[in-house]
Amino acid sequence: MLHTINKSPFEKNSLDTCLRLAKSGSEILLLEDGVYAAIKGTAVEPKMRQALSDYTVYALGPDLKARGIEEDRLIDGIEVVGYDGFVDLAANSDRVQSWL
Amino acid sequence: MLHTINKSPFEKNSLDTCLRLAKSGSEILLLEDGVYAAIKGTAVEPKMRQALSDYTVYALGPDLKARGIEEDRLIDGIEVVGYDGFVDLAANSDRVQSWL
Amino acid sequence: MGNGAKKFMYVNRRAPYGTIYALEGLEVVLIGAAFDQDVCMAFVDDGVFQLKKGQDTNESNMKNFSPTYRALGDYDVNKLYVEKESLEQRGMSEDDLLELTYEDEEDDYKEKPSIRIVNKEELADLMEQQDVILNY
Amino acid sequence: MGNGAKKFMYVNRRAPYGTIYALEGLEVVLIGAAFDQDVCMAFVDDGVFQLKKGQDTNESNMKNFSPTYRALGDYDVNKLYVEKESLEQRGMSEDDLLELTYEDEEDDYKEKPSIRIVNKEELADLMEQQDVILNY
Amino acid sequence: MKFGILVNEGPYQHQASDTAFNFTKAALDKGHDIVRVFFYHDGVNNGTRLTTPPQDDRNLVNQWSELAKEHELDLVVCVAAAQRRGIVDEDEAKRHGKNADNIAEGFHISGLGQLIEMGIKADRVMAFGD
Amino acid sequence: MKFGILVNEGPYQHQASDTAFNFTKAALDKGHDIVRVFFYHDGVNNGTRLTTPPQDDRNLVNQWSELAKEHELDLVVCVAAAQRRGIVDEDEAKRHGKNADNIAEGFHISGLGQLIEMGIKADRVMAFGD
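Protein chains in written order, with numbering that gives the first Met the number 0: chain A, 0 to 99; chain B, 0 to 99; chain C, 0 to 135; chain D, 0 to 135; chain E, 0 to 129; chain F, 0 to 129.
Rather than coming from a laboratory, the hints here were simulated on the basis of the structure. Incorrect hints may appear among the rest.
Residues from chain D shown here face chain B by an in silico Cβ test under 7 Å; the list is partial [said to hold, decoys possible]: (1) A32; (2) D44; (3) K119; (4) L125; (5) Q128.
Even for Gly, the Cβ is constructed at its ideal location relative to N, Cα and C.
Sequences and hints are given; from them, build the entire structure.
If you want it as structure tokens, here you go:
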């Protein structure tokens, strides 16, 4: 199952709720302002490192670039995908939950 | 100085930022979904009790009623005002900051 | 419910009135009831506030759509899952919620409660069983 | 600046691109510069991300308004307060931010930095000195 | 006392327009002046006459129009924000080659300078939004 | 694979419409089918032809109209949400006594049932919003 998060983890509770309710083994895609959760050295990094042991985490490349986040700033283990990769993730999961 | 908060403290960081940046002695008005911060027994009650020692805290009555929050559910010390009281608070403060 | 029925879950995460998502989300559920699918609703985070008893919008001049939840049972929408953890964080219990019921046709039309309190693990399992999940 | 000038503070608390508040907030500041008031900007919470270097919107097809911040100095908007606590929470330092400067007419047009890192107490004091505070 | 009112969200989606309206009405009832109501961001969507909300709900656009008429309020829709979102009056329609306009009674389109001017003239600026 | 696309926010204010558009385009490029694009909540504001964004910015309404033309997409604006927010076509204008309409090319107004039907027909429903 694919979960998408488009909110900043510093501003809203979407990431927390997703991590509380997504089953182990799920995929999580960070997009729009949600990509800020992918940065190393932030107050949410510990939460994300924990998440990486339960989930596969992706971040949308075009949204990282728009916000000036270079790939070397990302937490190890987070994969970057484009819109085509986003489509593949959605197609290959059984269902999608957008935590709007 | 009057600070207004219209966001749920469970969903967004507006209350936290307000409490970090409002100077002691300020007035804080909770309105719209911000009124949920006024309820007793929630996860944010400790934060609000602490806030009540530094600030005067108000909640907008019509917004409490719309959401079915009876006055006996409010944390002690929070005052309920109507739209007319909101106008008075704004008029009697030197400036207003809406934490949108 | 036909054999080809899909499982729809409507996830409600927002408080009522501050935004319109709760009201317009409810409109989707009511319309959707006519399509003979397997429908349930989940109330998570501030979504649990939608079911709070005693809403009165007279002084704020908005439309009070709280009574509409009572109609859900008549539309065969009778699985309303409320997350326990979200309730507790907000200092609420089942007593704070609307009493919503439906008549169970398979059990001599007995009146039964529509609201079911579930914990996060139960809700996670339910989500994995859905075909379509819409989040408001 | 006239004697009757008011002190305006524009508080930026949102990230760029996810919502339009940052872009349209910046448009207010640029228009406002013509009114000869005492203007400053504060960057708090996700607002600090507005000043991140290296923004490139080609692949997302939105308008990159990041270069516009460089124009602020020419409009005499040269007090950009960035909250230290917000930067730190986001794993950022001054090196991550755009290098924004202005020419100080009162000091032989020397080029000086517009961005000033302030802590929460300093920012709270600054807010208390304003006449108008607009939050985006 | 002179209040300036800033509305940053459209009708219905957020409570902002309702709260701004209720505040404005209460301020007028108390004898305060409203320098201007400025609609910015999605707030410009309060200024379309093409809405038809359900009969049992409030009509926010009409409420603003009627309050403006009663109290001679200056309801200003920001031109730049309006262009992005499709709120146009007759002049704007002509300028941009549009074959219709949708501005509601009592609203008019003007520049962002009107927001700054409101900040200068008002004793307090009240912002309502998301 | 068949995708259904749900857009819950208007253009510009949130990135939702951009992301939905980029996703839809990428899905089409990969040979997937788009059952429908359904515009709900403030998403209905994507369907007005009266916008004129700045020249150096993308025109979201036109982007949708053009993509719809190229791929025969079904762009549906929810009628109930549209009535609240002032998006009307010729029929709706007539029905509600409005002297103008503002629907953009390629969009049409229909009921919420189209959203449910999209959920039934699509293999995946993708929601984009705030």
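Cross-check of the supplied hints:
{"no.": "1", "hint": "A32", "result": "violated, 21 Å"}
{"no.": "2", "hint": "D44", "result": "holds, 6 Å"}
{"no.": "3", "hint": "K119", "result": "holds, 5 Å"}
{"no.": "4", "hint": "L125", "result": "violated, 10 Å"}
{"no.": "5", "hint": "Q128", "result": "violated, 9 Å"}
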